[in-house]
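Here the protein sequences come in this chain order: A and B. Terminal number for the first sequence in our numbering: 238, no gaps in between. Terminal number for the second sequence in our numbering: 544, no gaps in between.
Warning: the hint list may mix true and false statements.
[As the list claims (entries may be wrong)] Straight-line C-alpha distance at most 25 Å; calculated BS3-like pairs for lysine-lysine:
1) A:185 <-> A:157
2) A:134 <-> A:157
3) A:217 <-> A:199
4) A:134 <-> B:366
5) A:199 <-> A:232
6) A:157 <-> B:415
[Claimed, not checked] Far from chain B, by Cβ distances over 12 Å, these chain A residues were calculated:
7) 16
8) 53
9) 172
Hints were generated in silico from the structure; no laboratory data involved. For each residue, glycine too, the CB sits at the ideal point set by N, CA and C.
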Amino acid sequence: MSAVLSLVGVETFYGRIQALRGISLDVRAGEIVALIGGNGAGKTTTLRTISGLVRAAHGRITFAGDDITHAMPDQIVRMGIVQAPEGRRIFQRMTVLENLELGAYARADGRSVRGDMDDVFALFPRLAERRSQKGGTLSGGEQQMLAIGRALMARPKILLLDEPSLGLSPILVETIFHVIADINKRGVPILLIEQNARKALQVAARGYVLETGTIVKEGTAADLLADDDVRKAYLGED
Amino acid sequence: MAIFLQQLINGIAQGGMYALIALGYTMVYGIVELINFAHGDVFTLGSFLCIAILALLGVSASGQIIAGWQGALIALLVVVLAALLCGVIGVLIERFAYRRLRNAPRLAPLITAIGVSFLLQGVMRNWKGPSEISFPQFLPNPTFAFGGVHIDLRELLVVIVSILMMVALQFFIYNTKLGKAMRASAQDRDAASLMGINVNTTIAWTFFIGSALAGVAGFISGMYFGTTMFTNGYQAGLKAFTAAVLGGIGNIAGAMLGGFLIGIVEAMTAQYISDQWTNVVVFSILVLILVLRPSGLLGEQLPEKV
Ligand SMILES: Nc1ncnc2c1ncn2[C@@H]1O[C@H](COP(=O)(O)OP(=O)(O)OP(=O)(O)O)[C@@H](O)[C@H]1O
Ligand SMILES: [Mg+2]
Numbered sequence: 001m002s003a004v005l006s007l008v009g010v011e012t013f014y015g016r017i018q019a020l021r022g023i024s025l026d027v028r029a030g031e032i033v034a035l036i037g038g039n040g041a042g043k044t045t046t047l048r049t050i051s052g053l054v055r056a057a058h059g060r061i062t063f064a065g066d067d068i069t070h071a072m073p074d075q076i077v078r079m080g081i082v083q084a085p086e087g088r089r090i091f092q093r094m095t096v097l098e099n100l101e102l103g104a105y106a107r108a109d110g111r112s113v114r115g116d117m118d119d120v121f122a123l124f125p126r127l128a129e130r131r132s133q134k135g136g137t138l139s140g141g142e143q144q145m146l147a148i149g150r151a152l153m154a155r156p157k158i159l160l161l162d163e164p165s166l167g168l169s170p171i172l173v174e175t176i177f178h179v180i181a182d183i184n185k186r187g188v189p190i191l192l193i194e195q196n197a198r199k200a201l202q203v204a205a206r207g208y209v210l211e212t213g214t215i216v217k218e219g220t221a222a223d224l225l226a227d228d229d230v231r232k233a234y235l236g237e238d
Numbered sequence: 239m240a241i242f243l244q245q246l247i248n249g250i251a252q253g254g255m256y257a258l259i260a261l262g263y264t265m266v267y268g269i270v271e272l273i274n275f276a277h278g279d280v281f282t283l284g285s286f287l288c289i290a291i292l293a294l295l296g297v298s299a300s301g302q303i304i305a306g307w308q309g310a311l312i313a314l315l316v317v318v319l320a321a322l323l324c325g326v327i328g329v330l331i332e333r334f335a336y337r338r339l340r341n342a343p344r345l346a347p348l349i350t351a352i353g354v355s356f357l358l359q360g361v362m363r364n365w366k367g368p369s370e371i372s373f374p375q376f377l378p379n380p381t382f383a384f385g386g387v388h389i390d391l392r393e394l395l396v397v398i399v400s401i402l403m404m405v406a407l408q409f410f411i412y413n414t415k416l417g418k419a420m421r422a423s424a425q426d427r428d429a430a431s432l433m434g435i436n437v438n439t440t441i442a443w444t445f446f447i448g449s450a451l452a453g454v455a456g457f458i459s460g461m462y463f464g465t466t467m468f469t470n471g472y473q474a475g476l477k478a479f480t481a482a483v484l485g486g487i488g489n490i491a492g493a494m495l496g497g498f499l500i501g502i503v504e505a506m507t508a509q510y511i512s513d514q515w516t517n518v519v520v521f522s523i524l525v526l527i528l529v530l531r532p533s534g535l536l537g538e539q540l541p542e543k544v
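Here chain A stands alone, though its shape is the one from the complex:
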């Protein structure tokens, strides 16, 4: 199947520090792709580059055939590339409802926003209870639910998730992975970054392993789960 999102030889710098050293990866229609790697490997930078928050110095990013390498972040969101960023980045001084409304900001079809909000509340009943509460007063887990719910409000054509399970209780981690699988079943391809590499590879179809800005391994999730190096480095086995 052809790639929906595709990166070819992408290099990204922060000043003179090179964070990405020529990354190539594909996300195909309907699949979950896991991007794993240690701290500082460049996972977040990869997502920020796709979303246009930092610029690729070299290489090419295409989405559904369109070159988006030089597109502005808001244009990229309008095309349907939606990110729930690292650290949740909830609008702290805005209510849950306002946060969700902002998720739908770029959408042209204003009428179905209410219905989508009900879908998010069905997915995360906790958010419905807290709808008038300020984002900054939510617990970490609630903020994560809100971050994912907010991303869904944009009706993504592809979803980029940066460590959605970080800092959550085991039960909540289960819930979040359930929701991820659920969203994907509705046909939304997902590029998933996770510290929890095992769970990520269990839910994903394929995966890439990133080390210091370079992709050192790629393959089906099953192959990566069975790979000795991956098991040692990322699955805590020896």
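Use these hints to put chain B with the ligands onto chain A, whose structure you have.
Showing chain B with the ligands alone in chain A's frame:
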């Protein structure tokens, strides 16, 4: 008691002006964390532009009074045009002087802002000269008396216009899409981008609205005092800035509250202590707030969760 009430009204009128200017400081600070020192001069420029527009309409400082709907229409036309022009100037200032420095160390845009302030002052001095110039008092100014307290139409106008603008702004910020985009961009620019908000456009609109409000303040200040001068914005700006800090910089409601409080404090100081002491008192408040409660009266102190 009558004297106290009279000063209260004067203070509220003066404070309404500070509040309108303070809104521009606070909105811009809220979104780009820049103290836009040129803002006070945009306010003065607003007065200058009003005089120029009035001249184009054939209204000069000769003391002719234009009563009835004609006067009201001219006032409306002048204030709307001045607001639009000031808004555009604010956008241009942001575009050419501040945007490129948005991610530079904080000192750089601050120095640029002071530079822009001098630039605007220089332009105004070359345009209308270095001395006070009179602002045409073309509206009739009947006085209304309520048991010893006198309110004239000008004072009433200042208070009503500033309160109307604030209510409109508050509604705008909380109930429109652009208003929400402004608040979101103020809280987290990257996250706002990820919502599909064009942050550059949003910041430009913030400068437009803040500067347009300064233009409105320029009109009502001209109507109220009857004169203006190219350096006017310096002190009015500093006082409005004090108002913004007092209310909690970045906080819209705080700027309004701070503006009215500063106006009232000023009027009361002039009445009960001395005219000479108003600046001392006002700027002591600035220092005290910065030292004792930097977040201001209404400044929010939400814990930043990581
Ligand atoms: N704003 C920045 N300025 C300078 N260097 C940065 C910046 N952001 C990231 N880096 C550097 O780029 C490299 C990649 O960082 P990135 O955040 O992409 O890693 P990551 O894989 O997401 O790590 P983690 O698992 O800790 O989130 C790191 O060496 C980091 O120090
Ligand atoms: Mg990261």
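The hints, checked one at a time:
With a C-alpha separation of about 13 Å, the suggested pairing of residue 185 of chain A with residue 157 of chain A holds against the 25 Å cut-off. Using a Cα cut-off of 25 Å, the hinted pair residue 134 of chain A and residue 157 of chain A is violated, with the two alpha carbons roughly 28 Å apart. Only pairs whose Cα atoms come within 25 Å are accepted, and residue 217 of chain A paired with residue 199 of chain A is accepted, the gap being roughly 18 Å. Of the pairs offered as hints, the one joining residue 134 of chain A and residue 366 of chain B is violated, with about 50 Å between alpha carbons and a cut-off of 25 Å exceeded.
At most 25 Å may separate the alpha-carbon atoms for a hinted pair to count; residue 199 of chain A and residue 232 of chain A meet this at roughly 15 Å. Taking the CA atoms of residue 157 of chain A and residue 415 of chain B, the gap is about 23 Å. The hint holds against a cut of 25 Å. Taking the minimum C-beta to C-beta distance to chain B, about 16 Å, the non-interface status of residue 16 of chain A holds against the 12 Å cut. Here residue 53 of chain A does not stay apart from chain B, with its beta-carbon only about 6 Å from theirs, under the 12 Å limit.
Separation of residue 172 of chain A from chain B is adequate, the least Cβ-Cβ distance of about 16 Å exceeding the 12 Å criterion.
Taken one by one, the earlier hints fail for this structure at numbers 2, 4, 8, listed in ascending order.
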